[in-house]
Amino acid sequence: MKTILITAFQVVVILAAASAVAVAYNGVSDKGLKWSKNYFAKSAMPRPPVRPNAPSGEDEPAIPASGPEQSAGPISETPKKHLDHIFQVATYEDVAAAVNDPLYAEGLYVCVDARDDENFAAGRIPGAKQMFPYYADQHLPQILSQLQIAEKVIVYCTGGDCEDSIFACRELLEQSVPFEVIYLYEGGIKDWQGQGGQVETGE
Amino acid sequence: MNDKPKSLIARMDATGIPLLLARLVIAFEFIRLGIAKVGDPVTFLKLMRQYQVLPEDPAIYMNALAVILPWVEILCGVALLLGIMVRGAGLISAGMLAAFTPLIITRGLELFREGAADTLCAVSFNCGCGGGDVFVCSKVAVNTGLFLLALLATFSRSRRFCLVQLWQREPTLEPVTG
Chain A
1 MKTILITAFQ VVVILAAASA VAVAYNGVSD KGLKWSKNYF AKSAMPRPPV RPNAPSGEDE
61 PAIPASGPEQ SAGPISETPK KHLDHIFQVA TYEDVAAAVN DPLYAEGLYV CVDARDDENF
121 AAGRIPGAKQ MFPYYADQHL PQILSQLQIA EKVIVYCTGG DCEDSIFACR ELLEQSVPFE
181 VIYLYEGGIK DWQGQGGQVE TGE
Chain B
204 MNDKPKSLIA RMDATGIPLL LARLVIAFEF IRLGIAKVGD PVTFLKLMRQ YQVLPEDPAI
264 YMNALAVILP WVEILCGVAL LLGIMVRGAG LISAGMLAAF TPLIITRGLE LFREGAADTL
324 CAVSFNCGCG GGDVFVCSKV AVNTGLFLLA LLATFSRSRR FCLVQLWQRE PTLEPVTG
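Top line first, the protein sequences correspond to chains A and B.
Be aware that the first sequence starts at 1, since it is given in the numbering used here, and climbs by one per residue.
Be aware that the second sequence starts at 204, since it is given in the numbering used here, and climbs by one per residue.
For the record, the hints were derived by calculation from the structure and aren't laboratory data.
Label pairs and their in silico Cβ distance ranges:
no.: 1; chain 1: A; residue 1: 19; chain 2: B; residue 2: 305; range: 17 to 27 Å
no.: 2; chain 1: A; residue 1: 196; chain 2: B; residue 2: 261; range: 36 to 46 Å
no.: 3; chain 1: B; residue 1: 348; chain 2: A; residue 2: 144; range: 42 to 52 Å
Counterexamples of contact, computed for chain B against chain A with all Cβ distances above 10 Å:
no.: 4; residue: 213
no.: 5; residue: 217
no.: 6; residue: 218
no.: 7; residue: 316
no.: 8; residue: 324
no.: 9; residue: 338
no.: 10; residue: 366
Every residue, glycine too, gets a C-beta built ideally from N, C-alpha and C.
Assemble the whole structure, with the sequences as input and the hints as a guide.
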């Protein structure tokens with residue numbers, strides 16, 4: 001019985017010590033997590049505005065048809081989504097057109113890279129701004145004012161099943177970047193490079 | 204005086220060598236993997252999510268686990284390395300391995316059914332263990348070995364080569380009174 005009690009005491013001590021160290025380290029680390037933030041919340045995603053002429057009761061997202069007459073930019077057609085999200089989708093051609101548009105150099109079209117430091121430095125769409133959604137507080141202050149007035153914000157991550165770009169879009173929406181200007185490049189950097197897009201490296 | 208003849212296992216245990224080896228192996232693995240997770244909590248959080256064991260909302264459960272679990276691993280590793288609180292550290296280690304290994308198998312089976320590979324053993328994925336992509340079978344084999352070593356650390360009566368001897372004046376063999 002004594003051995004069991006001693007073992008139980010040791011378990012409690014180790015777990016308590018680990019919790020204390022973890023809380024302290026998480027508090028001082030620049031990579032610390034926010035305890036109560038739902039980093040994966042899709043259900044909590046803000047709803048986009050409802051179409052003014054939508055029948056009552058319908059609350060589907062007002063995703064623009066993104067034809068030339070509705071969207072100031074090269075997003076020609078709404079491609080089919082393969083991830084579960086509410087955002088407009090951009091293809092490689094759309095992104096390439098945006099990057100080559102003079103408005104990109106002016107900062108009115110912006111690419112946002114939703115990957116971590118290592119991947120961002122390894123290769124990104126030229127001129128892309130980093131906004132890793134898990135550390136949005138660290139990246140947003142430098143770019144938020146630009147994004148809030150941008151005419152097109154194209155967000156991407158690795159591609160495939162990567163959802164970080166969706167979380168980044170949600171973060172931008174929460175930071176008052178208009179839904180209408182946010183586009184999700186689902187193909188991500190893999191598609192960009194696979195189709196011959198140039199990349200920029202370094203921090 | 205105990206006249207009862209000791210079994211081979213008890214005599215081996217009394218040398219302290221099996222426990223020392225078990226402690227060193229578990230400590231090395233847990234400290235290495237724990238440090239990898241502590242250095243990148245976001246990746247660990249994302250990888251934990253794939254198991255769908257904890258609810259995403261409220262998020263505090265998953266976030267807390269992602270923050271605390273690596274430190275539990277590290278502290279268990281340090282305790283085993285130093286030879287203090289060996290039973291407790293061994294028990295926690297065994298518990299963690301017993302909890303996570305079935306999850307790795309389950310996730311591996313899911314990926315196998317999705318056509319990730321021709322055989323279950325050929326399925327490779329990042330299990331969130333801290334070492335990057337692993338093959339399911341080899342990871343399960345490693346974890347099973349670690350689990351057995353953790354049990355050894357938990358139930359060994361020897362305290363040879365343990366730091367705890369220095370200040371507790373413990374006998375080399377702990378009396379089993381439980």
